[in-house]
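**Student:** The primary structure of each chain is shown beneath.
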Amino acid sequence: MSAGYDVAIVGGGHNGLVCAAYLAKAGRKVVVLETAKETGGAAKTEVFSPGFKVSSGAHLLYQLHPKVLADLALEKHGLKLAADDLATVALARDGAHVTLKGPSVEGVSPDDARAYANLHERLLRFAAALRPMLSQVPPRLGEGMGLADKIALAKLGWSIRRLGRVEMREFLRIVLMNVADLAEERFESDLLKGALSFDAVLGTHLGPRSPSTVLTLLYRLAGEVSGGQGRIALPAGGMGSVTAALRQAAEAAGAEVRTGSPVAQILVEQDRAVGVGLDGGEVVTARTVVSNADPKTTFLCLLGARHLDAGFVRRVHKLRSRGDVAKLHLALDGRPEIPGLSEAQIRGRLVIAPSIMEVEEAFNAAKYGEASAAPAMELVIPSLGDPSLAPEGKHVLSAVAIYAPYALKAGWDRTRESFKQRLIDRIALYAPKIEQQIVAAELLTPIDLEKRFGMTGGHWHHGELAVDQLLMNRPVPGAHQYAAPLPGLYLCGAGAHPGGGVMGAAGMNAARQVIAREKR
Amino acid sequence: MKRYDAIVVGAGHNGLTAACYLAKAGLDVVVVERNDFVGGAAVSRELYEGWTYSNCSYVCSLLRPEIVRDLDLPRHGLQVIPYEGGLTFMQNGDYFANYDDHDAHYREIYRHSPRDAEAYEHYAAELMRQCRFIKPLLMRPPPDPTSFRPRDINELLYLGKAFHGLGELEMYDTLRFWTMSIAEFLDEYFESDVVKAHLCGSGIIGTALGPYSPGSAYVLLHHYMGEVDGNIGAWGFARGGMGSITKAMASALQAEGGEIRTGSGVERILVRNGKARGVVLENGDEIHGKTVVSNMDVKRTFLKAVEAKELPGEFLTAVRNFKIRGSSGKLNIALDGLPDFPQVPKDCPALRGDTHFSDSMERMERAYDDWKRGTWSKDPYLDTLIPTRIDPTMAPPGKHYMTVFVQYAPPHLADGEVWDGPNRDAFGETVLNQIAQYSPNFRDLILHAEVRTPWDLENEVGLTEGNIFQGELTFDQLLFNRPVPGYADYRSPIKGLYLCGSSAHPGGGVMGAPGANAAREMLRDLDAPQTVREPVQ
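Here the protein sequences line up with chains F and B, keeping their order. Just so we're aligned, residue 1 is where the first sequence starts under my numbering, counting upward by one. Just so we're aligned, residue 1 is where the second sequence starts under my numbering, counting upward by one.
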């Protein structure tokens, strides 16, 4: 029997660590219990081939919440960016690439460039209107509505209202529209439209023609990194350095972090969470348990349906959380060459999404449990700007690919090798010599991501980021304010509002709820 | 020259509905119609001797009962006969039927899945809750959330109150329902593929969405919120074909002293000093009026019938960006007798309703994939009915009329292909083949078949791209966004010019609500007696 804690946090992913840091700063006695040998969850830097390191889960930083960054003094704890404003390059087979950076876009007609600048500015404004919601607890409606809920609703209403009449109308029109229409209303360039579509659908089970993909695009733009909205950054040393800084911050604040300590169950006494039991049988008692695990794991595996209301359990079961994203890591014995790219461009985020229709066709396959024949991809070569990741003269390429459905009909065991080759061939269309440079290649399918990071369905948002699973419906009503229907139990992971990405907002919001509700 | 109080452009069911309410208020009303017959897409036509085709819209449910009562349509000859079920044929030789009779329906679902039979009760209750929520919103103008006008604020409060009245969990569920896909919604209740496929059809009919597209659950609701004789969600045949509805409306209009001019296509809407003054007909004649209300869709009205210089640029952009997408075609078939369907007992009452041949949602989604690629579905979703099983007036004795609604058919074919000629034939053959697979004598019975592509619907009825709803029913085009944000109140930037067609709230179907709502706004503006009931607050 371990000493009693105020709070036991199940899982040392970035949100668990953020939550731990806030709670420790508030004077709570906190322990973080992580299954793996290292903290970080899916935000980790790992060696995948001798001498080659890569961010094995998330590989780009879009939206580390500025409040988290400041409150936890992450820079003091060692967080450094290797690059802080990456361009996005939509790769063209003929070398006429299109480059997007902030409001500017190169490689398209002047009309498209103008229209893009307009749209970009407008989307940032709309995303900014939604941003306060990220650090807000989603309100309750109806009879359970309290003052805080009313304030939260009013704030959201006001931030949309503040856009002004014309912009508010446009916001309400496009917010649930599909991104293909949004792009086709404005642009001619297939590459530009393809890249925009890709950004909107990445990480979701949606295609460019699926309604609501403008909202998922806004979600991506709502975040802020290195002081700019809509920017993309690469942490020095890979994503693991973000969580290393978070761990340091948590420990500096007094939290205890125990790795190699898999939680087997959440313990309940007299209808209240009272601690957790570890795999070896050890019991860690705590007045409050906060779970960084995804909602299905938390409620159905660690807690058990018998402690919950049947209606609630049914909702948890129905939660859609099957991932569609695979990761590919290549160790290269030389610098990859992509004809037509400048030095600045190749250090950017390279997107293979030649047109809306190609992304849509890639998605079509996923609907039927098939892997895309021509997947859409995002590539980064972080070693170009961060020599710590590969031996001298050698490089690492990290790619995310859609769509690679979790529940593949043919089974991943039979498909893994051919899909890996398909991705490499796809890259080779743009980097013809890459195949000869490959020293090692690692493919992580959603099944692998599920196993490695303990995320149900291998979904990086812990649950589909769709309109019907947002706000009050995230993860399910009754747990949407971070507190579970069982007293003393909270959620703090990406399955809770506002979802995934290395943002930390869920951890921060959850900590605030624990502080407010659980008196010491 | 005579100056009318109101000129109605187009004698579709909404145009006629609006005209009736206006005439009831004592206004001098004329309806001008391009075709030689009234009805728009709610018509009965003899295209093969002895047969009456409902050759566009083919079944009735959404027509608002308030309108039927106000216009006294039964007295003018309208009779709606409910049909008794529906049926989906399965590839494995079995079938799934739905019956009016609750116990028979339960047993039939049970035959496919005991779990689903239990789940159906919950499903039906949830759907009914959504119907009850949306019904009062149909016959009122949607509020403009950006406006501070007392009326808009009142309407917003009404909406908020209605929403709040659902209860906490139900509010969350409603938010989900309005944004999720019909496939996800059905997956939450059912396990049997055919049960889901059968229920799913209403989520895609008439829209360029697939069952897996977010927002298609709402489309299902749009098809369920109607009623026949107070039976919510029921569908029926208008005796004598869909034209009976518009014929009754035309008769009601004439009884009120309204005038109808067929064969009078409108070339242009006359605008002077930002105000509508009348219309110019295709033959050059001018008709003058204080107000003009267009039953045409929003694109035809503002991009074709009104000169661009009369409209603000942002408004025109918004109209151009309004999505009116053709997604369906149709076959009308004269049959020498009743086709056999050996898979189903001969006297099965479900055969008197809508029959389908898609036994999984995946097949329907794949049909949608074809549409996205710019071709008609190779394995289409069919909504097939034989109205003459119930209504003998539509064909000679012993003979039958079959209507086949086909989803999906894009208005623009890929690779520069055009609809006329071989493509039209191939499209028709695809449909006939699917039916013939289940009915060995079907092909031999065919006396005449009319194949209608989206372009036919555009050319004949004037519906842009052949979209049956005059605009997609996606959230970006519903309520205050329909047809253009800021103009959801049936008005337009041109004073005295109104919209009363399905491009306006609450959208398509033979519903009449846009027509009635538009008339209410016009009567308000004209300070005329109000003949359209004011919505309850």
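Quick caveat, the hints were computed from the structure, so don't treat them as lab data. One should not assume that every hint holds.
[What the hints assert, rightly or not] What follows is a set of in silico ranges between Cβ atoms, one per label pair, in the way DEER data are often shown:
no.: 1; chain 1: F; residue 1: Lys-451; chain 2: B; residue 2: Gly-167; range: 34 to 42 Å
no.: 2; chain 1: B; residue 1: His-412; chain 2: F; residue 2: Arg-93; range: 24 to 32 Å
no.: 3; chain 1: F; residue 1: Ser-109; chain 2: B; residue 2: His-412; range: 55 to 63 Å
no.: 4; chain 1: F; residue 1: Glu-343; chain 2: B; residue 2: Asn-433; range: 54 to 62 Å
no.: 5; chain 1: F; residue 1: Ala-410; chain 2: B; residue 2: Gly-93; range: 22 to 30 Å
no.: 6; chain 1: F; residue 1: Ser-109; chain 2: B; residue 2: Thr-317; range: 13 to 21 Å
no.: 7; chain 1: F; residue 1: Arg-314; chain 2: B; residue 2: Asn-154; range: 37 to 45 Å
no.: 8; chain 1: B; residue 1: Leu-303; chain 2: F; residue 2: Val-166; range: 20 to 28 Å
[Said to hold, decoys possible] Here are the simulated DSS-like cross-link-like pairs (lysine-lysine), alpha carbons at most 30 Å apart as the crow flies:
no.: 9; chain 1: F; residue 1: Lys-101; chain 2: F; residue 2: Lys-25
no.: 10; chain 1: F; residue 1: Lys-37; chain 2: F; residue 2: Lys-394
no.: 11; chain 1: B; residue 1: Lys-378; chain 2: B; residue 2: Lys-2
no.: 12; chain 1: F; residue 1: Lys-318; chain 2: B; residue 2: Lys-275
no.: 13; chain 1: B; residue 1: Lys-378; chain 2: F; residue 2: Lys-155
no.: 14; chain 1: F; residue 1: Lys-101; chain 2: F; residue 2: Lys-37
no.: 15; chain 1: B; residue 1: Lys-346; chain 2: B; residue 2: Lys-323
no.: 16; chain 1: F; residue 1: Lys-420; chain 2: F; residue 2: Lys-29
no.: 17; chain 1: B; residue 1: Lys-2; chain 2: F; residue 2: Lys-409
no.: 18; chain 1: F; residue 1: Lys-101; chain 2: F; residue 2: Lys-29
no.: 19; chain 1: B; residue 1: Lys-346; chain 2: F; residue 2: Lys-150
no.: 20; chain 1: F; residue 1: Lys-76; chain 2: F; residue 2: Lys-25
no.: 21; chain 1: F; residue 1: Lys-451; chain 2: F; residue 2: Lys-150
no.: 22; chain 1: F; residue 1: Lys-150; chain 2: B; residue 2: Lys-290
no.: 23; chain 1: F; residue 1: Lys-519; chain 2: F; residue 2: Lys-318
[To be verified] Stretch by stretch, here's where chain F covers chain B in the computed footprint (C-beta under 8 Å, at least three residues):
no.: 24; stretch: 27–40
no.: 25; stretch: 193–205
We put the beta carbon where it would ideally sit given N, CA and C, even for glycine.
**Student:** Let me make sure I understand: some of the numbered hints might not hold for this structure. Which ones are they, in numerical order?
**Tutor:** Violated hints: 3, 9, 11, 12, 13, 14, 15, 16, 17, 18, 19, 21, 22, 23, 24 and 25; rest satisfied.
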